[in-house]
Amino acid sequence: RRHNLETAGIDREGSLENSDSDIGMCGWMLVLFSILLTLLTLPISIWMCIKIVKEYERAIIFRLGRILRGGAKGPGLFFILPCTDSFINVDMRTITFDIPPQEVLTKDSVTVSVDGVVYYRVQNATLAVANITNADAATRLLAQTTLRNVLGTKNLAEILSDREEIAHSMQSTLDDATDDWGIKVERVEIKDVKLPLQLQRAMAAEAEAAREARAKVIAAEGEMNASRALKEASLVIAESPSALQLRYLQTLNTIAAEKNSTIIFPLPIDMMQSFLKR
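Start counting the sequence shown at -16; every next residue gets the next number (this note's numbering).
Simulated from the structure, these hints should not be mistaken for laboratory data.
From the three backbone atoms N, C-alpha and C, an ideal C-beta is built for every residue, glycine too.
Any given hint could be a false lead.
Claimed, not checked - Label pairs and their in silico Cβ distance ranges:
{"id": "1", "residue 1": "Ala185", "residue 2": "Glu86", "range": "48 to 58 angstroms"}
{"id": "2", "residue 1": "Pro179", "residue 2": "Val100", "range": "17 to 27 angstroms"}
{"id": "3", "residue 1": "Glu141", "residue 2": "Pro84", "range": "33 to 43 angstroms"}
{"id": "4", "residue 1": "Tyr102", "residue 2": "Leu19", "range": "30 to 40 angstroms"}
{"id": "5", "residue 1": "Gln85", "residue 2": "Met186", "range": "43 to 53 angstroms"}
{"id": "6", "residue 1": "Leu23", "residue 2": "Asp74", "range": "28 to 38 angstroms"}
{"id": "7", "residue 1": "Thr79", "residue 2": "Leu22", "range": "40 to 50 angstroms"}
{"id": "8", "residue 1": "Ala121", "residue 2": "Pro65", "range": "30 to 40 angstroms"}
{"id": "9", "residue 1": "Ile27", "residue 2": "Glu86", "range": "53 to 63 angstroms"}
{"id": "10", "residue 1": "Thr237", "residue 2": "Pro179", "range": "37 to 47 angstroms"}
{"id": "11", "residue 1": "Leu232", "residue 2": "Glu191", "range": "44 to 54 angstroms"}
{"id": "12", "residue 1": "Cys9", "residue 2": "Ser155", "range": "46 to 56 angstroms"}
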């Protein structure tokens, strides 16, 4: 399809460039009269014939309303006939414009505001002048509608996570649509996705609840691991009665280092069992 569009564009450009050969007998008489008038008024008329376009510009010359053979002229110096020729300068540099924020209803019925940036340039000056009134305005409007159409087929999660895929899809759609205008869309970027305030609060509450649930699970796992470690330690102490005494002396040493006024008197649990039975 791309090859067919390019071929059709070349055919249209060729027909536009060759259109000056059909000006007719009257047209050629006017052209000869203009050349004669220019020669008679030299050197004053030379300043009206010489035109200059910059490196980044191209000039489309119209002779009696028809595009002159050879297509765009420039950069540099070129000549026109003052009475029969007119020209239009076309800027060939890359143009950048912001897509205004668009209120879009997503596939899952959520309203979001999305804006973006489009980079494009004029690839064929002849088609950009002859096939459309204002290529810049048309590209801007088409970018807005394309953004709304593409995002309308996506869910909110896809819009937030797949920005590169959306931008690539928009670029392909815009590039195919602007081929007939001589426009090449080089890049499309999604700048920002703004959610309604109520939806932001709901998503924040959901994220907070999810974090709290994970924190509780982690705390429970920590308690479980600590209980298993204590169980294993008790089994080790039960195998060696002297280990309990060493553990008690270590604890006493630790407390004495922090609070010297504290005195601990160990009381065996076995001595309390007789009182508990009574």
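For each hint, the structure was consulted:
no.	hint	in the structure
1	Ala185 with Glu86: 48 to 58 angstroms	violated, 19 angstroms
2	Pro179 with Val100: 17 to 27 angstroms	holds, 23 angstroms
3	Glu141 with Pro84: 33 to 43 angstroms	violated, 19 angstroms
4	Tyr102 with Leu19: 30 to 40 angstroms	violated, 48 angstroms
5	Gln85 with Met186: 43 to 53 angstroms	violated, 21 angstroms
6	Leu23 with Asp74: 28 to 38 angstroms	holds, 36 angstroms
7	Thr79 with Leu22: 40 to 50 angstroms	holds, 46 angstroms
8	Ala121 with Pro65: 30 to 40 angstroms	holds, 32 angstroms
9	Ile27 with Glu86: 53 to 63 angstroms	holds, 60 angstroms
10	Thr237 with Pro179: 37 to 47 angstroms	violated, 57 angstroms
11	Leu232 with Glu191: 44 to 54 angstroms	holds, 47 angstroms
12	Cys9 with Ser155: 46 to 56 angstroms	holds, 47 angstroms
Violated hints, listed in ascending order, are 1, 3, 4, 5, 10; each of the other numbered hints is respected by the structure.
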